[in-house]
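**Student:** Top to bottom, those sequences are chains A and F. Take the first sequence: its position 115, counted from the start at 1, is 115 in full-length UniProt numbering, and no numbers get skipped. Take the second sequence: its position 102, counted from the start at 1, is 102 in full-length UniProt numbering, and no numbers get skipped.
Any given hint could turn out to be false.
Note: identical chains are not told apart, hence a pair may lie in one copy or across any two.
[To be verified] Taking lysine to any residue pairs in the SDA-like style, the calculated list, with each CA pair at most 25 Å apart, reads:
1) 66 to 139
2) 104 to 115
3) 104 to 156
4) 19 to 151
5) 66 to 45
6) 66 to 25
Calculated directly from the structure, the hints in this document are not laboratory data.
There are 2 protein chains.
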Amino acid sequence: MLVCAGCRYAGRVSLRDRKRARTRQALVDAATELFERNGYDETTIADIAAAAEIGTRTFFGYFASKEELLFPESDVRVQAALDAIASRGPDEGPAEVLLRALRKVGDDSDEMVSRVAALRLRFVRTVPAVRGRALQIQFEAQREIGRQLAAAFPDEIDEVSAVALTGAFIGAVSGALQVLLDDPERLRDPAGVREAVNRATDVALTPWLRASRGPE
Amino acid sequence: MLVCAGCRYAGRVSLRDRKRARTRQALVDAATELFERNGYDETTIADIAAAAEIGTRTFFGYFASKEELLFPESDVRVQAALDAIASRGPDEGPAEVLLRALRKVGDDSDEMVSRVAALRLRFVRTVPAVRGRALQIQFEAQREIGRQLAAAFPDEIDEVSAVALTGAFIGAVSGALQVLLDDPERLRDPAGVREAVNRATDVALTPWLRASRGPE
DNA sequence: ACGATAACCGCATTCAGTGCCATTTCGCCA
DNA sequence: TGGCGAAATGGCACTGAATGCGGTTATCGT
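Taking the hints into account, I'd like the entire structure generated from these sequences.
**Tutor:** Take a look at the structure:
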């Protein structure tokens, strides 16, 4: 029951697996619905499980906690960044590759589009437990990306520096977002936010980009 | 009872306040003792309260949660950074000031010295709830520092960029630390940790140091 | 010394999360 | 196709964090 033990063989999609995926989605949907209607704290796991027509106990076979419901495909997004790094161009430096990878995640992020994403954005700012979890996920992603980056440039950067570099990039972006998204006005204009983020990250990251281009 | 409502008048330290401070310290001490002996998850709030000779209910008048016990003076440290920024030298740029502020926090941090600090370091790596809280505190500190930085350089940097810059610095340092402290060897030798921290900071911030010295 | 205020703390309650275990469902192979 | 082993389900009981309520006690300012 624990995790996706059914995905033993890559190609195979058993009935069990499909059913499992369906139930999982039902849980996310039910949670989305209830969160939207009643708020995060006001919705209990029992409510969600009932709405998805499974037992309360069974819920924990799908998600380890209530917060996880708001980060249903975080692995996928990290994987996208990892892939972007793995497919480095021949003349790219670490900073360029990293920037490209993070932009990819940010761009095809369906933020604003999907309902879960909207809820996530909302609850990250209002519910401490959710914010804590979000930061943790980010922190772990940061490390994996850094590791991958070091692996992609074995003789240019070690793992410590790679994770530090990744931390700097992600830190800059999320720092800028933290301030920008505090302004309820701005939330209504995605293009403006993107613009402001780019400007802020330029300020914060210029030295690294210069440095990776080598001395001029 | 909520927070330090007794600190109405700056100069006054009433009996009540002193007693309150003593009880608070007793809680931290009791928790330290029990955490060291039995571990974090194995120690309940009821245990801690009992050891400090107060009712379980009263505990929540001092700390909002079990995690807070591991971050008893986080405000003080942030304040130190804020002060360091406020006292900017006339020829310092934002990056120098920020670097000086963060070094100050890192230096007179009694990490390794005090028992709570050692426990914090340990549990941040092993207990998800503690890590989540630590990241949250860091995130908030980041914002305040950025705000102060923007205030110190009103016509050189706006708040968004200031927080982004701070995020980049802190992200780089904590990223490096994340990797360095993973090595259990290193934890046994405080001087080595400080050394590693400094080295990591240097590695992560080298581009900035170069850049702020101007083009060469 | 006294009235207001804040601290203390027991009690009951809610909810997250876990361990245990009986039952059902499904995958796979003979 | 039948049946065996593994995994999913979910009920029950339990622990522990956290909050609300309310009565009692200690402290403060006057």
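**Student:** Taking the hints in turn, state whether each one holds.
**Tutor:** Tested hints:
| no. | hint | result |
| --- | --- | --- |
| 1 | 66 to 139 | both (19 Å within a copy, 22 Å between copies) |
| 2 | 104 to 115 | within (20 Å within a copy, 43 Å between copies) |
| 3 | 104 to 156 | within (23 Å within a copy, 30 Å between copies) |
| 4 | 19 to 151 | neither (37 Å within a copy, 56 Å between copies) |
| 5 | 66 to 45 | both (7 Å within a copy, 23 Å between copies) |
| 6 | 66 to 25 | within (14 Å within a copy, 34 Å between copies) |
Comparing the model with each numbered hint stated earlier shows that hint 4 is the single one that does not hold.
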